[in-house]
Amino acid sequence: MSRSIDITVSAMKLLIVEDELKTAEYLRKGLAEQGCAVDVAHNGTDGQHLALVHDYDVIVLDAMLPGIDGFTLLRALRQVKQTPVIMLTARDSIEDRVRGLHDGADDYLVKPFSFLELLARLHALQRRGRAQEPTQLKISNLLIDLIARKAWRGTERIDLSAKEFALLAVLARRQGEILSKTAIAELVWDMNFDSNTNVVEVAIKRLRAKVDNAFVPKLLHTIRGMGYVMEARDEAPSNEESQA
Amino acid sequence: MKRSITTRLVGMFALAALAMFTLVGAALYGVLERELTRHENDDLNTNLQNMRYSMERFGDLEHWSRLQVKMDTLSPADGSVRFWVLSDDPRFLYGKGLDEMERVNLGEAGHGSLTLPSVGRTYRTLSMRLAAFSDRPAVRLIVGVDTAPFDHTMRAFLVAFGLLTLAAVGLVMALGWWIARIGLRPLQRLSEQARALRPKTLSQRLRLDRLPVELEDLTVAFNGALGRLEDAWQQLEGFNADVAHELRTPLANLIGGTQVALSRPRSAAEFQETLQSNLEELERLRSIVNDMLFLARADQGEAATGLTAVIVAHEVEVTIDFFEPLLDDTGTTVAIEGELQAQATMNIALFRRALTNLLQNAIEHSADGARLVVTISRRAGAIWIAVANPGPTIGATHLPRLFDRFYRVDSSRHDTGEIHGHGLGLAIVKAVASMHGGATLATSDDSLTTIAFSVGGVPSA
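Taken in order, these protein sequences are the chains called A and B.
Residue numbering for the first sequence follows numbering that gives the first Met the number 0, starting at 0 and increasing by one per position.
Residue numbering for the second sequence follows numbering that gives the first Met the number 0, starting at 0 and increasing by one per position.
There are no misleading hints in this set.
Incomplete in silico selection of chain A near chain B, CB under 7 Å:
1. W188
2. N191
3. S194
4. T196
5. A202
6. R223
Just a sample of chain A residues kept apart from chain B, beta carbon distances all over 12 Å, derived:
7. V37
8. L51
9. H101
10. G103
11. R127
12. G153
13. N212
14. D233
Which residues of chain A face chain B? A few of them, derived with a C-beta cut under 8 Å, are:
15. K162
16. N197
17. V201
18. G224
Treat the hints as calculated values from the structure; they're not laboratory data.
For each residue, glycine too, the CB sits at the ideal point set by N, CA and C.
Sequences and hints are given; from them, build the entire structure.
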């Protein structure tokens, strides 16, 4: 039995304004299971009321809504407060994007988006304004020196190439956060698209050979169908990892 | 108002006819006037010579009175011809309205004209001096012919010709309208043919055989457009079938896998396994849909935005860098050759995406340890990036179709799952090229396959 996805967006208070019931429901469920307090509104009018009355950490706002549309809601909200807003737009149209950002959205996601992507954006908003990044990362007995660009497992120095170190740092910085292959390609290689290659799989395999294979506990985990996560787990490796 | 060819033609016919008739009328008028004048002058001359002959032979008063009778006889009652004799001797005067005539300066001998207000007539005159003879002093003999018939004839001619011209122009317009209608009939036939075109009869073309040469160009061009439409239509239909086929496999896996999972009680781990498998299929679907949306945007002629001028070789290096783990794993090497300093204006993400697909394709189709070559070259203002890999030669029939969506040279490899793309990789390369105003090219011989695309270059200074 594998463990649940555990990501540190917990303790956030969120409002989801989304008229598509199935989407609203899985977002509510998924985010609530992350430990967030989630309110849901199915139309613009309710959404605007909730957004103005309560103080949320982040509002996830659909652009196309019955009643008041997302852009109008956003403008009304911005006149009163600066709650961070992630806009969901139906089409990958530049106008929507520009309009949203112009009206004061902090980020946007193009539908259909993946849940992981939304979590990553929430993370990013949460990280924003946080104190400066640490110079060292420690996960179990893995120690990463971000300044010297060196890594140790216990006392043993791990010899990594520049890209391997970058990959390790990206995973370790987002410790506990599942990163899709596309996200990894973007963060490490600046390849900003769905690439349909198995480069990331191979890179992870090679990194795992250096960082994980000879050591306990295992830190680099494959979440089948979703991506990879770096974290210290208490229990024995689950069935997923045999896939990698 | 819409411009009508018929109306324009009729108008132009009318103008041409009017110009024609005016010219002819003016010429005829001139000829007529000259002839009539000549005729009148002959008349004057005959009368004058006649009288002169009689007057020159006799100078006595008796003959003078006979001459007066003769002149009376020769002057018609209507006053169309008149004689006058002027002299200093009052006995040798002749003619009506002499008192008026004295006020008129007749000048010397020859032609002239004379208006007699008392009778309201104008005369064309011919006069001559006769030397004194016998009793008769020197006199001046004048013959006048009334110009009224002349003027009347000319006026009548003008009116008649004007009316004729109007009638003729009207007739020409009517005929012109009819001619234009007949002349434009092929156009009408053409529109009837065009109207009969239906999506179901896309291979139909407009017939050229009964068309006048003037319409041939238009028709050939129109048929060309029809041909392109037919191609696009067929491509679209084939594309729809391909998409449906491509989506069917993951959908069947999803449905089948879920049905099996739900058909009997299972442990949570087994359900998790099913969900994970489903997620993989769903990711595959998402990837196909996203790529198809991308291709659709390129098809709609969307041009690349966010262009930056970069050194192409540098971008190639970055992309090869991305492949490093995979290259390392398979022992494959990549060399960059050609114009390493060449610059191009491009959207970097799109360029990397295209090159990623080419490199992935090259790695997949060559054996481990192969040596790939990326060649950058400049041709006709564009920068070409060619990726060559050793591998089985691809038949010439396949080469132009490599960039088609879902096209696979070896259809048996379709569902092996070993290939990481879904048959859209090279179509995306082509889309990226066209978004940069470029093209694609594939060649394959001697176990070396080269696939290239181009982007707009920056001319080196």
